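From just these sequences and the hints, can you work out the full model?
Line by line, the protein sequences are chains A and B.
So that you can map any letter, position 194 of the first sequence is 194 in the working numbering, and since no number is skipped, the others follow by simple counting.
So that you can map any letter, position 144 of the second sequence is 144 in the working numbering, and since no number is skipped, the others follow by simple counting.
It is worth saying that the hints were derived from the structure and are not from the lab.
The structure presented is a predicted model; accordingly, all values stated were derived computationally and were not measured.
Take the hints with a grain of salt, since some may be wrong.
Identical copies look the same in the list; a pair holds intra-copy or inter-copy alike.
To be verified - BS3-like cross-link-like pairs, simulated, lysine-lysine; straight-line CA separation at most 27 Å:
#	residue 1	residue 2
1	Lys163	Lys189
2	Lys63	Lys34
3	Lys34	Lys186
4	Lys34	Lys58
5	Lys186	Lys163
2 protein chains.
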Amino acid sequence: MTNQDLSNATLEAIRTTRSMRRVEPTDIPGETLKAILDAAIRAPSGSNQQTWSFIVVKDPDIKRALQEIYASVAYQYFEAAPKTVSDGSGAEVMTRVRSSARYLADNLHLAPVLIVACISGTRNFTLGASIYPAVQNMMVAARALGVGSTLTTFHISREDDVKQLLNIPADVHTAALIPLGYPTGKWGKARRRPVEEVVYLDEFGAALWASGENA
Amino acid sequence: MTNQDLSNATLEAIRTTRSMRRVEPTDIPGETLKAILDAAIRAPSGSNQQTWSFIVVKDPDIKRALQEIYASVAYQYFEAAPKTVSDGSGAEVMTRVRSSARYLADNLHLAPVLIVACISGTRNFTLGASIYPAVQNMMVAARALGVGSTLTTFHISREDDVKQLLNIPADVHTAALIPLGYPTGKWGKARRRPVEEVVYLDEFGAALWASGENA
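Here it is as structure tokens:
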């Protein structure tokens, strides 16, 4: 593989990793799942302490219990959700996203695999630097293998219930709940604010690139 | 590009993205830097709010000021650092890592580019889910383009000084400081605990894969 091939393929996989909330019930082969989780543990963690763990949930009753917890929080959120997002998406896009989010809340347990990503340590903002990079590696690797995913955190509002359900020790925190499955939709770029709007040079607010300029 | 090529290349890039603390002073072309940051913004964020920003620091005086802040925290940490890590690395590995970490503290400003990744919102554990995935995308994309990086957070202990230096508003938090540059070392897998040790099935502590088993 040439360097050019490596960079083209990797950037393509990253660019087209979008949230896949509708997935087939088809199971994920063991070696595919292992490749996805092997990608997770290649991420960095604070002082390389790797206090992470990943619970693969396949038991139908446990998946259903997780879905009930997830949906109870998600539906509270839907009532209060913002009607627009900062990339300027209009009502049509928001309606589609909300529909997809409701679908997920109702059908989370139908994904063949749910991953609960965990981390131990002092539960503060910086601790996220030791688990969310692993979660992102997992999702990009999944996409590269044709498997859809979406990063969710709603369950954290009822984390005590989740920890009881999965026998998670008191000093271990859940960071994300990620359903995995073969997607019904197509891979493609998600809607984002342009890079020119969010990249600054040497100080906050000073644009590095003019809007629409290419490099 | 076939699906097989896409997955092979992406998994290879993820597996070989290790912390590169020693980099050449050679500048990074604008289009390469833009591709790296374009990868960052493809990551998910809570409710797709994208309240992130990325400050590209190239000014030598500002880089030097960041290095002084970084080193002041890093050296305090080195005094108190654990002598082993949980993957069982022995004294030899730890000596090499510590040497590399000290090199970075002393030479952070010599990297051609420092990125300060920022996020606004309630500064808690879950907020990390809206910025550290973007940071990881950035580092994997950089590796795919031949650019080395390392995720650091030491500066957060003196975040007020960093915010003053870079004119960062009060409601914006810095999540990571990432030096970028062409590495002097080779790409390769970093040392990690085996995936079998950290992946469980249906409940915490129940191994999914036996140690050494292949998928």
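* Enumerated hints in conflict with the structure, sorted upward -> 1 and 5
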